[in-house]
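Colleague: Starting from the structure of chain A, add chain B where the hints point.
Each protein sequence line maps, in turn, to chains A and B.
FYI, in UniProt numbering the residues of the first sequence are 1 to 705.
FYI, in UniProt numbering the residues of the second sequence are 1 to 705.
Calculated from the structure, these hints are not laboratory results.
There could be a bad hint or two in this list.
[Said to hold, decoys possible] Pairwise CB distance ranges, derived in the manner of DEER restraints:
(1) B/Leu335 with A/Met211: 39 to 45 Å
(2) A/Trp314 with B/His282: 42 to 48 Å
(3) B/His282 with A/Gly374: 39 to 45 Å
(4) A/Ile510 with B/Thr572: 50 to 56 Å
(5) B/Leu335 with A/Tyr281: 33 to 39 Å
(6) A/Asp649 with B/Thr651: 48 to 54 Å
(7) B/Leu311 with A/Thr219: 38 to 44 Å
(8) A/Met405 with B/Gly400: 26 to 32 Å
(9) A/Glu652 with B/Gln584: 34 to 40 Å
[To be verified] With a Cα cut of at most 20 Å, we get these calculated SDA-like pairs of lysine to any residue:
(10) B/Lys86 with A/His282
(11) B/Lys86 with A/Phe277
(12) B/Lys587 with A/Val583
(13) A/Lys587 with B/Cys589
(14) B/Lys587 with A/Phe277
(15) A/Lys86 with B/Phe277
All C-beta atoms in this analysis are idealised placements derived from N, C-alpha and C, irrespective of residue type, glycine included.
2 protein chains.
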Amino acid sequence: MLFFPRPLQDPIRGRPKEIPHNEKLLSLKYESLDYDNIENQLFLEEERRMSPMGFRCLEISRWVICGLIGILTGLIACFIDIMVEKLAGYKYQVIKENIEKFTEVGGLSISLILWAVLNCAFVLVGGIMVAFFEPIAAGSGIPQIKCYLNGVKIPRVVRLKTLVVKVIGVICSVAGGLAVGKEGPMIHSGGVVAAGVSQGRSTSLKRDFKMFEYFRRDTEKRDFVSAGAAAGVSAAFGAPVGGVLFSLEEGASFWNQMLTWRIFFASMISTFTLNFFLSIYHGKPGDLSNPGLINFGRFESGLLGALFNSLNYWLTIFRIRYVHRPCLQVMEALLVAAVTAAVSFTMIYFSNDCQPLGPERNEEYSLQLFCADGEYNSMATAFFNTPERSVRSLFHYQPGSYNPMTLGLFTLTYFFLACWTYGLAVSAGVFIPSLLIGAAWGRLCGILLASFTPTSPIWADPGKYALIGAAAQLGGIVRMTLSLTVIMVEATGNVTYGLPIMLVLMIAKIVGDYFQEGLYDIHIKLQSVPFLHWEAPATSHWLTAREVMSSPVTCFNRIEKVGTIVDVLSNTSTNHNGFPVVVQPAKLCGLILRSQLIVLLKHKVFVELARSRLSQRKLQLKDFRDAYPRFPPIQSIHVSQDERECMMDLTEFMNPTPYTVPQVTDAVTAVVQVFSQKRQLIDMIRLQGCTQALDNISTSAEDYF
Amino acid sequence: MLFFPRPLQDPIRGRPKEIPHNEKLLSLKYESLDYDNIENQLFLEEERRMSPMGFRCLEISRWVICGLIGILTGLIACFIDIMVEKLAGYKYQVIKENIEKFTEVGGLSISLILWAVLNCAFVLVGGIMVAFFEPIAAGSGIPQIKCYLNGVKIPRVVRLKTLVVKVIGVICSVAGGLAVGKEGPMIHSGGVVAAGVSQGRSTSLKRDFKMFEYFRRDTEKRDFVSAGAAAGVSAAFGAPVGGVLFSLEEGASFWNQMLTWRIFFASMISTFTLNFFLSIYHGKPGDLSNPGLINFGRFESGLLGALFNSLNYWLTIFRIRYVHRPCLQVMEALLVAAVTAAVSFTMIYFSNDCQPLGPERNEEYSLQLFCADGEYNSMATAFFNTPERSVRSLFHYQPGSYNPMTLGLFTLTYFFLACWTYGLAVSAGVFIPSLLIGAAWGRLCGILLASFTPTSPIWADPGKYALIGAAAQLGGIVRMTLSLTVIMVEATGNVTYGLPIMLVLMIAKIVGDYFQEGLYDIHIKLQSVPFLHWEAPATSHWLTAREVMSSPVTCFNRIEKVGTIVDVLSNTSTNHNGFPVVVQPAKLCGLILRSQLIVLLKHKVFVELARSRLSQRKLQLKDFRDAYPRFPPIQSIHVSQDERECMMDLTEFMNPTPYTVPQVTDAVTAVVQVFSQKRQLIDMIRLQGCTQALDNISTSAEDYF
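For reference, chain A alone in the conformation it holds in the complex:
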């Protein structure tokens, strides 16, 4: 169901030229996914013709598609992984040799320039791809997937072109040394793969495999996209359960977040209580999963995340206002790449943290620089490396591998770099940079605590602190709890860290929410997406359905004149996407969508023509499926003056059982309140009132439409 007026600009070249920035206003360029099957006569006839065997086949093909989604997503992740390793390995090798060459003879500035140039070259490719070919591929893609799962159709978000740009873009930006990760883009890629595979055709490539035609509608497609996103998480972190939870947690539409968290909380407390008292009973009261870690994690978590988000918020507003031309965006990306290289170089150059080279660290790109033979520069393991590897070394290296000064400086610089980087016109995830920042300050805290309490063994391993710090930082930025816990537990492969990670994530969320929204929510808001949260504000009781609906309802008769239909569809001021069908006097008998009317007009399904040409093929569901999802705009449909006088019979095509809410005229109650529990009602209201022109609402309801 398209519940927003279509964009007024040319829909073919639909890239927003300049979003009028006002975070209080929702953009009109987004449409909603159709949560419902359109249960019209055609649909029901098809369903009835289908044998039980047919339904079983459908069920099996759903599983087959999910299998394909998993395989393809895994392969793409594999490709990204290998390419990043290869390219980054090559780059670091070249620079390392260059640095080693110039360390003794002097002239390290040439190395710096080489480094910066190599970075810029990679970022240039990625930036151009994104800025000029597919701007929607910028960033991690998680906000977009989140919106999609939430039921908002973001234009071009699940197209093949987006996937290609995303994959190449993320390889370039990670290989280009930006402070980014490749995990978010993998999740987005999974979603695109799912949307493509499930349709059995590619509109971009103009190939139709004549498969899976049944799934060519929003309801089915969205289910597959949620599977794709889960597969993406699973491929990115090796966390299948985490992936499922991610899909559920982010696809807020069939998931009550607050309740789930409370359930989670109760579970957590229950295990803790049991273990606590049992450990006392067995006389080993300390035998829990390191309560010290938990206490520590409480410290600061969330605050840094909120700071990150606030900075990024202002930066994004700046970008929306001033950096909206593609070439400017590419320039900014190049600038960031160069600065990243320069800062990294400077940090490494002035660092005097030399550590003895262990035999097991040969594989890393360890830089000797000014250290003695057999030693390496510790700052370089953090900067001169892909972020994934840096995180791993922060988690797993022996105590004493980093000195506190190194970690402090690293945290500080990487924090600002990552913050600057997120939102650039490159494909880039924020997971790994967040983990890296968190791991660095976590390890730093661990070292400091260890120096205060040198005797206690539980403070001994700074790697654990790095893990908890990473969780806190990431939780503070993205504000997921349940799925993130499971992802981190699955990624570390150790269930015993579950409890501290959970607690830290919860605290990070609570503390962070007090100051600023989560990063993804900020970006969704700044893109003016009409995102529906689970919880309606408590005061929304005072709002009735009547108040949020547009008042003279635009509707059609069951048998309507073609001219009227064309006029209504073309009218940009009543730019609705769903229309009630009525029989006189004003009795609702169904609902018809703009997209359906377009198809009907295109096939000229007029009563008069049907009479004259008896041989004319009856319109079938297939015709609607073939047109899905890119229905042409009304302007491209040509209707002659004669045809305008014809009549169209909507009976067969309308949905005769749309959701309705009691007529507001005798409803004293505030229907909006029901939002928080009854997701479906939102659709009802969307459908019944038939699209509200939004620009003139200024109450709190605007958060909901």
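Modeller: Positioned in the frame of chain A, the structure of chain B alone reads:
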């Protein structure tokens, strides 16, 4: 919303004397939970009076309650754990000494009698508690909790008395050596704790703490019960995430199972593909989580589970027909206890599987019996032990600790014992016995495979096979996938077993479903509970809402005569629980519940009285909350002949915005079809048609009402 006619028998002494067994008929004694808030004027006024601060306090108290639920559930689990350990330890100690005494002098039959008597004594206490005091406390309680989360109110399932009986009962049955576990009852206990704590009072103890009054309604209570069930899982298995997933998977109402499994499948495949190709890329293609294990698990899994379920199905039917008197039930429990002791004893007695006693096994109750000094009887580690410990030894003991003969015999006997035990009138879980059976045959298969391929190291550890076998057996019996995977992964503390466990569980489910339903579903069906599954049968398209609704709708006028109301409520043939309120001519303006009318009648809220007694206190939401959840039956309300002539104004109390579906008269479509996607619609239909007398439907719809 009560959507079933009330039971015809006396509601105070409501234990079913004899359930007329017919698995095609649904029982009338169950009611549905009210998923909706009754948004009448009283409710809306209260909501409007509430400040934003008030809402925040509510939110905080929800978290506090969840914390309390966690703590109390943990404590109860702790109590059960310790008591079982103590009692079982004492029992085994006594028997062991006795056996050791008589092994040499002969007369082991005295030991057998001692063992049987001790077992019977424990089981007698537990059986009497359950059979005479609270029959609903029998079994694991998971089917009941599942029904509750699904929206069916099972009488007395969340009462304090049930909790007490359950806790004592489960301690007795585990200590009594039955083939049962304590995990299911812990989950049920969690649910009861939640239902109690969240209401801030105990109706049984007649104590009202004047707290949490806002939560005294079905919507809120059900949410807390799902938290309680999760806390129970978490306490039972140390699996907080698994607990959350359990609540979601079982509380089918806000969770689309099929979709989630497909998502899970896609995630799984994705990780697998990635790892597979990366491992090839890195030149180590075997580096996966033991594909051999997976192949093995495929074998047989599900079949044994289906066999178990089928046997238990017939046994349960037999029990419903013939063993329904409490004393018979207690006798059967005693018989099972005695037989269990006798069989165990015989098995141990005739076993000649002696194993050398390692220093680390001192803590177990190892029996020497006829083995040489320094050796112990291997069969006894399986039988002469609490089931939890037996499972643990099957997972963790060294290869060679059991010989195949022992395992084979153990599997066979324990299989039948467990099957016989489940459904007895004792509190008893089926998780651990299933795990035990599975672990035994898993280990057996592991040993056999190892003997075929003695060189391959991956076949070496039979403990892993035990784990996989346990998962397969449990999955085949209970048919959970996602939550069970997470529970088992969290319980073993090792994420790497995740993939094989998942695969095995999925296969067990697919294979098992082909033959027989899951054990819980069987018991739900046999108790004739109107349980709503997520998926409607594919052929339900042909059924319209009109066809499943009762046809002359019993309804009230907005201002109705008291006599009419009393008559309608007392009429046992139109035994509805929700009534549409209409204004003439037949225009729906709201919906009122039986429970509301009862409260109104009790408080004599009549128009005439309000006029005469101006000082009369206006009825408030509090009065409804105080009556919740045990509303008196209509027979206990006394209305005089004069009062019968009074009028009642329902305007303020009815819900003016009930859900409705399009009038069937002009709906050509099959509304029932929407069930599979739109859970809420079920409520709509329940409400609108206002309760269908069920005994006269014989189409497939009966599965759904």
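Colleague: Hints first: check each against the structure and report whether it holds.
Modeller: Hint check results:
1. B/Leu335 with A/Met211: 39 to 45 Å: At 59 Å between Cβs, range violated.
2. A/Trp314 with B/His282: 42 to 48 Å: 43 Å, holds
3. B/His282 with A/Gly374: 39 to 45 Å: 28 Å, violated
4. A/Ile510 with B/Thr572: 50 to 56 Å: About 53 Å separates the Cβ atoms of A/Ile510 and B/Thr572, which means 50 to 56 Å holds.
5. B/Leu335 with A/Tyr281: 33 to 39 Å: Once the Cβ atoms are compared, 35 Å apart, the range 33 to 39 Å for A/Tyr281 and B/Leu335 holds.
6. A/Asp649 with B/Thr651: 48 to 54 Å: 42 Å, violated
7. B/Leu311 with A/Thr219: 38 to 44 Å: 41 Å, holds
8. A/Met405 with B/Gly400: 26 to 32 Å: 55 Å, violated
9. A/Glu652 with B/Gln584: 34 to 40 Å: Once the Cβ atoms are compared, 36 Å apart, the range 34 to 40 Å for B/Gln584 and A/Glu652 holds.
10. B/Lys86 with A/His282: 12 Å, holds
11. B/Lys86 with A/Phe277: 16 Å, holds
12. B/Lys587 with A/Val583: 19 Å, holds
13. A/Lys587 with B/Cys589: Holds. A/Lys587 to B/Cys589 sits at ~17 Å (cutoff 20 Å).
14. B/Lys587 with A/Phe277: Given pair B/Lys587, A/Phe277 is violated - Cα atoms ~61 Å apart, limit 20 Å.
15. A/Lys86 with B/Phe277: At roughly 16 Å apart (the allowed maximum being 20 Å), B/Phe277 and A/Lys86 satisfy the hint.
Of the numbered hints listed earlier, those contradicted by the structure are 1, 3, 6, 8, 14.
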